[in-house]
Amino acid sequence: MSTDKTSPADKADPTEPIHLDKPHEAPVDAPPAAGEAVTAVDPRLLVREQGFAGYLSEFKRKMKAGDLGSLPVVVGLIVIMAIFQSLNSNFLTAGNLSDISVAMVGTGMIATGIVFVLLLGEIDLSVGSVSGVAGATFAVLNVTHGMSEWLALVLAILTGTVAGAIHGFVFARIGVPAFAVTLAGLLFWNGFMLQVLGSNGTINLDSEGLVAKLTSYYFSDVAAAYGLAAVAVVAFFLTSFLDSRRREAAGVPSRPLSEIVLRTVLLAVPAVGAAAVYNQYKGLPLAVVLFLAVLVLTDFVLRRTAYGRKVFALGGSIEASRRAGINVVMIRTSIYAISGTFAAIGGLFLASKITAANQGAGSGELLMNAIAAAVIGGTSLFGGRGRTWNALLGVLVITSIQYGLALQGIASPIQYMITGGVLLATVVIDAVTRKTQKSAGRA
Amino acid sequence: MVHVSATPVLALRGVSKRFGAVQALTDVELEVHAGEVVALVGDNGAGKSTLVKTIAGVHPIDDGVIEWEGRGVQINKPHDAQALGIATVYQDLALCDNIDVVGNLYLGRELRKRGILDEVEMERRSRELLTTLSIRIPSVRIPIASLSGGQRQTVAIARSMLGEPKLVILDEPTAALGVEQTAQVLDLVERLRERGHAVILISHNMADVKAVADKVAVLRLGRNNGVFDVKTTSQEEIISAITGATDNAVTRRAARNAEVQK
Ligand SMILES: Nc1ncnc2c1ncn2[C@@H]1O[C@H](COP(=O)(O)OP(=O)(O)O)[C@@H](O)[C@H]1O
Ligand SMILES: [Mg+2]
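Order-wise, the sequence lines are chains A and B. Following the numbering used here, the numbering of the first sequence begins with 48 at its first residue and continues without gaps. Following the numbering used here, the numbering of the second sequence begins with 3 at its first residue and continues without gaps.
One or more hints might be untrue.
Beta-carbon label-pair distances, calculated as ranges [claimed, not checked]:
#1 B:T133 with A:N374: 44 to 52 Å
#2 B:R114 with A:V474: 51 to 59 Å
#3 B:G47 with A:R292: 52 to 60 Å
#4 B:P62 with A:G411: 19 to 27 Å
#5 A:A478 with B:Q76: 43 to 51 Å
Because the hints were derived from the structure by calculation, they are not lab data. Values in this document were obtained by computation on a predicted structure and should not be read as measured data. For each residue, glycine too, the CB sits at the ideal point set by N, CA and C.
Construct the entire structure; sequences and hints are all you get.
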């Protein structure tokens, strides 16, 4: 047989591993099995100790590797809130916090779409204009033409989907840089909105209507806010716990119960706190419920489905994705369609705030704020790193700055400069993180 | 010399590939049988990686025929090659830095349960696979970015073996590796052959080639420059075929020898 050609001197028995020490599993969290202590442990293996010493060393390792996650923005948010509270004791009142969380939803929805685009390492400059088109479309269909509210709402959102899909297709299929395509989109859709609005310029919405309710409706029953907080906390605990049980059963590393409890408590504190704040004012805002629902849904899609995995793969390496059989054109096009859809949804929330569609919609600082929110929240500009929850954190920072400065009576020039400074700090952290990760990787 | 099987798993007949002004491959012939390791050697720029990419569907061929188990086939995209049972480990590793080891192993063929990624099962099987191949990495849940070059290579090879392929192509798998990891990769290659896989191994290292290959196919400037039997050919003969130092008579003699051996 031709397979006999290797002389025994050349090579040991091929079924025998080449290592002198035994092949060794790499337990991350698993408790060390009895007798395993005898085996020589490769110092490179990341064996996490149990208990809080374990978390601490894991945390230090992550810090060293540049794996900061949402930590900088959470710290930043606390600092910002502390500063504004010290300047004006009205800042941390239930009314102000509730208003901030309703006002942020429009920009936050747009930023959610931007997170998808940033995950690819691309950009979408058209979202501001597209959001304006959605508001105008709804106003014209519903108010001018008397179409039913729900149908007009669906069509308005679909205008965003279609606009985004067009940008995505031109970018992905024809290969025009996304920057250029969406810059063209920015101009085109702004013109389109002005054309649709017509000579009048402003169309007022029904102040008791569906779109108006998006930001004006509050679940005033005290049970609503606490109920939602309780459901979220219990659901989080149960999914973590069941997942951990399944992992245990399959013999792969799982989170210990103590860690699950700790994480649940870390979620429960802000959840119940927010519910208490809302209940001190008008109750649980519908806008916040919808925003949270969108974040839960998009996070699930990105992290638990094959589609989401493909998005991250594309953000990591286009060539690797292509070779893994991923349809790059389809994913890219769909991402821009998603971005356009969320821009439209955001636009309806923004129209809802002012119960009107006007010529100024979607222009000015909106685009920059949406992108800044995604980035400040911790989404990497280099692609492949981020979560849609980043949009929530980022938009909270930006809206807090806006409201805090407004309380002080400080005009928007200063506000732009501060937001710009925060954004710069964030992208510097992003770039440094990326560098650290690279050098830590090659160690 | 015994043929492992009569029909080659993969046969290239007169394959050509052109990139703009560069004629990367001209009329290349190649046969690989099941349970056989064919080493593909040649100077830098000889067209080895290009040949691999045509087989893997990254660059469709311009001219010629690819036969799979005796039938002519079209390989136009990576998916076509995967569907036939061709797994490729590229020289420029096709891994995503930002995704963890499990995610990379299953990239493009994720296990799903009711439409949702079955992370637990993927992780369990990944650990199993890495253990069988005695591959050691710190954790299956850290991003590829934090692995060393050698560790990445072993992950890439493990990835190629997940789908039980019939043909495995390794493009310079040991180029960036240390002594121990090279031996490990060569062990993997032998294990593949024992399991009846066909293997195409690209390498610059003659010692590696001598250790595991059955046949050596030489490419020079995008053309065939002889196919040699490893057992009966000296290292010098192979090297002169690579560098083109052979005059035609020697080349022909070596080629004739190879034919006689069969
Ligand atoms: N994508 C490409 N575009 C243009 N030319 C290429 C491309 N890939 C390879 N080539 C050219 O084809 C020739 C063969 O390259 P390659 O197959 O990488 O050689 P090897 O792997 O044998 O070192 C080289 O001249 C190279 O420059
Ligand atoms: Mg090469």
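Cross-check of the supplied hints:
| no. | hint | result |
| --- | --- | --- |
| 1 | B:T133 with A:N374: 44 to 52 Å | violated, 33 Å |
| 2 | B:R114 with A:V474: 51 to 59 Å | violated, 36 Å |
| 3 | B:G47 with A:R292: 52 to 60 Å | holds, 55 Å |
| 4 | B:P62 with A:G411: 19 to 27 Å | violated, 49 Å |
| 5 | A:A478 with B:Q76: 43 to 51 Å | holds, 45 Å |
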